[in-house]
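Novice: Here's the letter readout for the chains.
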Amino acid sequence: MDFTYDDEQVALRQAVAGLLRRRYGDFEERRRVVAQDPGHDPAIWQQLAEMGALGLPFAEEDGGFGAGPVEVGIVAAEIGRVLAPEPYLASVVLAGGVVAGVGTPDQRAELLGPLAEGSRRIALAHAEPGRRWADDAAEVKASFDGQTWTLSGTKEPVPAGDAETLLVTAALPEGGTGVFIVDGDATTRSTSRAYDGTRVSRVVCDATPATPLGEAGRDATAALSQAVDLARIAACHQALGAMEAALEATTGYLRSRKQFGVTLNHFQALNFRAADMYVSLELTRSIVEWATMVAATGDAARTHEAVARAAVQVSRAGRHIGQDAIQLHGGIAMTAEYLVGNLTAHLTALDHLFGDGQHHLTGLMATLQDHEALDPLAAAPQDVA
Amino acid sequence: MDFTYDDEQVALRQAVAGLLRRRYGDFEERRRVVAQDPGHDPAIWQQLAEMGALGLPFAEEDGGFGAGPVEVGIVAAEIGRVLAPEPYLASVVLAGGVVAGVGTPDQRAELLGPLAEGSRRIALAHAEPGRRWADDAAEVKASFDGQTWTLSGTKEPVPAGDAETLLVTAALPEGGTGVFIVDGDATTRSTSRAYDGTRVSRVVCDATPATPLGEAGRDATAALSQAVDLARIAACHQALGAMEAALEATTGYLRSRKQFGVTLNHFQALNFRAADMYVSLELTRSIVEWATMVAATGDAARTHEAVARAAVQVSRAGRHIGQDAIQLHGGIAMTAEYLVGNLTAHLTALDHLFGDGQHHLTGLMATLQDHEALDPLAAAPQDVA
Amino acid sequence: MRLTLSAEDRAFREEMAELFTTVVPQEIRDTVLEGGELTADMIRTSQRALADAGIAVPHWPREWGGRDWSELQRHLWHEEMQRAGVPSPLPFNTSMIGPVLAQFASQEMKERFLPPTANLDIWWSQGFSEPDAGSDLASLRTTAVRDGEDWVVNGQKTWTTLGQHGDWIFTLVRTDPDAKKQRGISMLLIDMTSPGLEVRPIELIDGGHEVNEVWFTDVRVPGENLVGEVNQGWTMAKFLLGNERVGVAPVASVKRMVARAKQLAGPQLRDPLTRARIATLENDLLALELTALRVVAHSDGGEPHPASSVLKLRGTELQQAATELLLDLAGPDSLVPLTAESSDAAPWARRSAPTYLNYRKASIYGGSNEIQRQIISRTILGL
Amino acid sequence: MRLTLSAEDRAFREEMAELFTTVVPQEIRDTVLEGGELTADMIRTSQRALADAGIAVPHWPREWGGRDWSELQRHLWHEEMQRAGVPSPLPFNTSMIGPVLAQFASQEMKERFLPPTANLDIWWSQGFSEPDAGSDLASLRTTAVRDGEDWVVNGQKTWTTLGQHGDWIFTLVRTDPDAKKQRGISMLLIDMTSPGLEVRPIELIDGGHEVNEVWFTDVRVPGENLVGEVNQGWTMAKFLLGNERVGVAPVASVKRMVARAKQLAGPQLRDPLTRARIATLENDLLALELTALRVVAHSDGGEPHPASSVLKLRGTELQQAATELLLDLAGPDSLVPLTAESSDAAPWARRSAPTYLNYRKASIYGGSNEIQRQIISRTILGL
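Protein chains in written order, with the UniProt record's numbering: chain D, 1 to 385; chain A, 1 to 385; chain S, 1 to 383; chain Y, 1 to 383.
For the record, the hints were derived by calculation from the structure and aren't laboratory data.
Source: prediction; values computed, not measured.
Mixed in with the good hints, there may be bad ones.
Claimed, not checked - Some chain D residues close to chain S (C-beta under 7 Å, calculated; not the full set): (1) Arg132; (2) Thr154; (3) Glu156; (4) Pro157; (5) Ser192; (6) Phe260; (7) Ile326; (8) Gly330; (9) Met334; (10) Thr335; (11) Ala336; (12) Ala345; (13) Thr348; (14) His352; (15) Asp356; (16) Gln358.
Even glycine gets a Cβ: it sits at the ideal position worked out from N, Cα and C.
Looking at chain D on its own, in the form it has when it is part of the complex (with noise of 0.2 Å):
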C-alpha cells in the first residue's frame, strides 16, 4: 500500500500545473475564456495534447500513451485547482473512455488518435431529460433499415457536447442500449454556458444516420458503465483539486482579512471551521486516491462499488468546503470575479454530473450485508498474484 506519486507522476504533476497555472492563475483570465466561446482555450488544449495529457488513458496502439486512472486523476485535479474549462473530463476521460471500451480497434485508433492530439473532440450524448444518472438510453432510439442506422431522440445535457464528432447511445431495437457515431453537425444542437462555466448541449437527433461504435446491435450497457465508473473517479479528482484551493483560498483570507481591528485567524471559530474542512479534505483525499488505485486494477465490479464510497464522500465534503468557504470568506466569494464562489460552483455541477451522495449511498445500502467489515488491505487474487 503506497500513496505516493513516483517521479514520471511528478513530472506529470508539474507539467500540467505549470501549464494550468500560468493560464489561470489569475482567475480574471478564466472569466475572460469562460465568457467566450468555445469556452476554453484551443491553444491550451493543444498544449495539454503535447505534453500527452489527452492520450494518458488510451492504448499507445490507440495513439495513447497506456497511463492509467492514476495519471488521469493527476491531470484532473490540476484542473478542478484554477478550474481550467478544457473539457478534459468530458471529451477524453468519459467520450474517450467509451471509445476505449466500446469501440472496434479501428475505431479506436481512428477516434482516439486524433483526440490525444488534441485535433478532435468528441462528446458522450447519454443522459436524457428527466432521468436521473440512468446507465441504459430510453428516448432517444436507434433503427436499422437493412443498411444504415438511424437515431432519433433528443439528449441532454451533453457535457461539452459542441465537439465535432458525438458518440450518441440509443435503445438499439432488439433491447439493451448501443453506442453510435454521429456527426455533430448532422444533429440539431445549442449549446450554452452551464452556472459553473462549462458547456453543455441539447443535441437532438432526427433520424439522424449514425455508426454504430463496436459491434452492431451488440448491448454496450456494462462498458458505458464502466467508462461512466473511469470518469466518476476523474471528477472525484477534479472535484478534489478545487476543494484544495477552496481551502488554500480561505485560510490565505483568514491569515490576511482584518476585521474589527486583527486579522480573521484571531476568532477561534472561524479557525476551528477551517480546521473541520482539512478535516473533511484529507479523509476524501484518502478514499478518492484509493479508488483510483483499485480502478488502476481494471476489475470492474470492484470499481463501481469503490468509485461509489468515493463519491459518496466527495458529495458530502464538497458540499462542506464548498458551502464553508463561501460562508468563511463572506460577501466577497458571491462575486463572480472572485475565485472561490467559483470553485463552488463547480463542485455542486460535478456533483450532479454523474450522480450525487444520495443516488451512490443508496447503491451501497444495497450491498451492506455482503461484508462483516470493509477491509482495504485484503487483496483480491489477481493483486497478489
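Since the structure of chain D is already known, use the hints to place chains A, S and Y on it.
Specialist: Chains A, S and Y only, in chain D's frame:
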C-alpha cells in the same frame, strides 16, 4: 395563539419547582436517594400529592383535578431540571393515563383516587423484550376459563415496575390487546436501577390472576396508544427541563472555569457551540409547547401526529445538547457526582422509552403527502366552535 | 396557552389572504411562486397596490401610513404575503430608511420623503457596507466634508442590493475623521443622479446582477439632506439594523419552497431517503414557525426579542437546505442553463443551481450567522 | 501508488493475525469482542503473552524489546490486535512511560524499570491531570520539595485511569514555584504504596469505576526516582503526549463494533434509514482507515505526522457514532440494566447505553477534540 402560562399555571410551576429544587437542588442529595431503595423519596411523593400534582391529569369525579397536558408538562419539566427520581411519568402520566382512558368509572375511582393522594403507585407493564415500541402486546397472553382471567409471559422493561399495582397488557384470546389489573406481588418480578438512576423491572406472569381494566375482552390498543402519546408529551417536557438545566450548567461553567489563564468564555468556538445549543433548545421548546396544546384539544389523531413531531425534535436536540454539554465541560461532566452527565444519561433514557427520533420520523414519512405544507395556525373545526 | 388564533386574529388573517390575492396582479405572484425573477416594475406595481390598500407600511407610525397592529398581526401580514407570492415591500424603503426617518428626521424631511418612500415613488438604496469593512461596519471610510452649506462626499460603498434601480441612497459617511470609530459617523440622503456618483454592477456566482458598487467622487450633497444631527449616524444605523432583524425568519417562503419540492419530486418521493429529508425539513420549519410565533407574542411594544437571532440563524439554514433539496431533486437537469435556447428540462430544475448558489448569501448578509451566534452567546447567554 | 501490501507486509499481517489469535486466551478476546469489561488480571495475562511472543512493545528501542518495524507494520500490528480482540498493551506502560524512560532516563533507571514495564510486572499509572488544570496541563500545582536526598510531594492528581490497579505512578510535579508555567516542572516516579499516597475512586456516569483521584500528602520520594534532570519535565511531557497521538485512530475496534451492529440489527436492517446510517458509517470508517494508512506511510522515522490530529478527531467521532448506533438498535432493551438479576434482553443491548455514555470521554481525554482542531488550524493551516 398564546404560549404564556396563566397565573394558576405559574403558581403550579413555582410550587413544584420550590419543592423539588429544595430537595434535589444539591445534586448529591439526588444521588443519595437514587442509590437506595425505593429510588425516590416517598416524602416528596406525598408532598407532590398534597400540592395536587399527582392528580392533575384526572377528572374530578375520578379523584383528580381536571387539569391537562399543559399542567402535567409543567410538573414534568421541573422533574427533568433537577432529575427528581419520583416516578411521576411512569406512574401518574402513563399508568394513570391508561386507567383514565380504559377503566370503568368504578375502576377509575378506585385506582386514581389513591394514586392522586400518593397512597398507591401503579405502573404499566407493556414493553416486551426485543419488541421495539410496539402498540400491542404479543408475548404476554391472557386466558379466560369462564370465570377468571390469568396472564402468562414476560414484560420488560417496566418503568417504575415496583409499584403495588400493575397494569399488564396482554394479547386477548380473540385477538387485540387488553389491559389487566394485577397485584404486583402476585408476579415474579425483579427491579433494578437503570443507568439514569430510575427503576425498571422485569415482570413475569405465570397463570397470574388478573382483572380486566375496562370491558373484559375488548381491544384497548387505541386507548393505550393515546395514553402513551400523552406520556410522550410529558416525557418531552421532562427532557426539555433537563436540556435547560444542561445549557444553564454549561454557560455557568464557561463563565467561571479558568483555563490558560482566562475563563472559558474567552474561547469563541465554545461560545458558538453554546449558542447552537440555545438554538436547539428554543426550537424544541416551541414545538413541545405546541404539541402540548394540540394534546389539550383531546383530538387523538392530531395529537398523535403532533407528539411525533415534538418527539423527533426532542430526540435530536436531546442528543445535541446532552453530548455538547459534556464536551464543553470536559472530564468533570463524565463523573457520576456531577449533574451534567446525569442529565445526558436521563435524556438518553427518555429518548428510548417511547420511541426514538428515527421511530417517529418514520411515522411522519408515511404522512408526507397528506398535506401541502404544515400550518400550525389552521384551526380544526372544533377549535373554532 | 392557546393553540388557535383569536377570532379577531383569524379574521385578520383571512382578510390579509384575501387582500394579497386580489390587489396584487396574478402574474407577479406567479413569478414569485415559481421562483422566477421579478422586474423592478413588478416590484413597484406590487408595492403601490399594497400602499393603495393601506398595507405597505403597517409598522410605521400611524400618521405616515402605519396601522398600529400587534406584533402577531404584523407576523400574519408578513406570512400571508409570502404565502400569496406577493413580493415584500422594498425593505430599503419600508424596513430601513422609512422607520429611521420617522424616528430621527425633521418634520420637513419626513413630509418630503415618507409618502414617496411608502409608495415606492422613490426607490431607496442602502449605502452602508464598504469593501474593507465586512461585518465591521463601523470601520467605514467614505467621507463627507463640509463645504459651505453642502457636504462633499468621497468614497465607495459596496453590496448595494438593487442599486441599479435606485433613485436615492441613504449613506453612512465619516464626518469627523478624528473621532473614535463609531462616533464621527453621519447619515446623508443622496440623490443618485448627482454628478460624481457612479453605480457599477457586481456579477454574482449565480450569474445574476443584484448588487452593486457605488462610487462617490466629490459628490455634493445639500446640507438639508443630513438626517438628524451630525455624528449621530451610528445611533441610526443601530436602530436600522435592529429593525432589520425583526421578522427575518423567511418561514412562509421556505414552506412554499418545500411544498413545491414535494410536488416536483414525482417518483423520487418513493425514495425513503428523500422522504426522510423532506419530512425532517418540514418538521424543522414547523419548529421555526412556532418559534417565530412565540417571539412575536413576546415582542409587543418593546425591543426586538433577543431570540430574533435564532430566527435569522435557523431561518437561513433552512432556506439554504430547501434550495439544496430542490437542486438535488433536479439532479442532472440542474446542469442545463436557464439561458439554453431550447430545453426539455423543466425551468425550475434549470433554475435550481443558481438559486442554490444565490442563497449562500442568506447566511452572510444582514448580519452573518457568525454575528448571530455572537449575539446569542453574549446577549442571551451572557458569555 | 500501490493498492496492496507488499508481499512482505502481507506476510507480516498474516503472522500477526496468527499470533494474536493463538497466544492470547480465547476467553479474554471474546470479552473484548463482545464489548465486555476486562479484569486487571486479563489485561496482565494478555500483555505478558504478547511480551513472551515479543510483540508487546515493538516501538521501543530494540535493546528493550523493540522490533524496528516500519510505521506501516506497527499500524498492521495494532489493527490486527484490535481485530482479534486482543486488549492493547497497557498504554501507560508501553506508549507513555516506557518510551520516556528509554529516551530520557539513566541507564540504571532503564534497567530497573523497562523490563517489568514491558511485562506489566509494574502497572503504571499516569499522574498528569489536576482538578483545576483541564486541557491546560502546564498550570499544575502538585509540588515536590527537596528534603535531603528525597523529594516531598504534596498535591492532587485526577483522571488517573485504572489507578486502582497501579503499582507505580509517573508524575509531573512543580519543582520550581518561581519559574514560568512550563518551566519548573519535573517528572518523578512514585511507588503507589508510599505512605501519604491515597487513591480515591471516581464513579463515572456509566456507573463504572475506571478513573481515580490520587492524593499526595507529604509523600517521600527517593531522589533517584527523578527522571532526567530537574525542571526538564515539560520536555518529557510533550514527548509523551506527542507519542500518545500516534496511531490513535481506533479504526479496527470501531469497524468491529459496526460489523457487530449489522449482525445484531436483525430485522431492523430492513429499515432504509438504518441501512443508510450503517452504510454511511462504514464509508466514513473506510476513509478514516485509508487516512491512517496514508499517515503511517508518511511518518517513517520522523515526527508524528500532523494529520494525526485528524485521526484522533475523526476516530473519536466515529467511535461515538458507532456506540450511538448500537444504542439505537437496542432501543427499549437499552433501558434494562446489566445488573438486573435476570433479563430476557440481550447483554449487548443492556450494555449499550453505559457504553455510549462512557465513550463521550473519547473526545475529551488524550487531547480534546477542541485541542485537535487547535493543532490542525495552527500547525497545519497556519492560522
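Novice: Could you tell me which of the numbered hints above are not met by this structure, giving the numbers in increasing order?
Specialist: none
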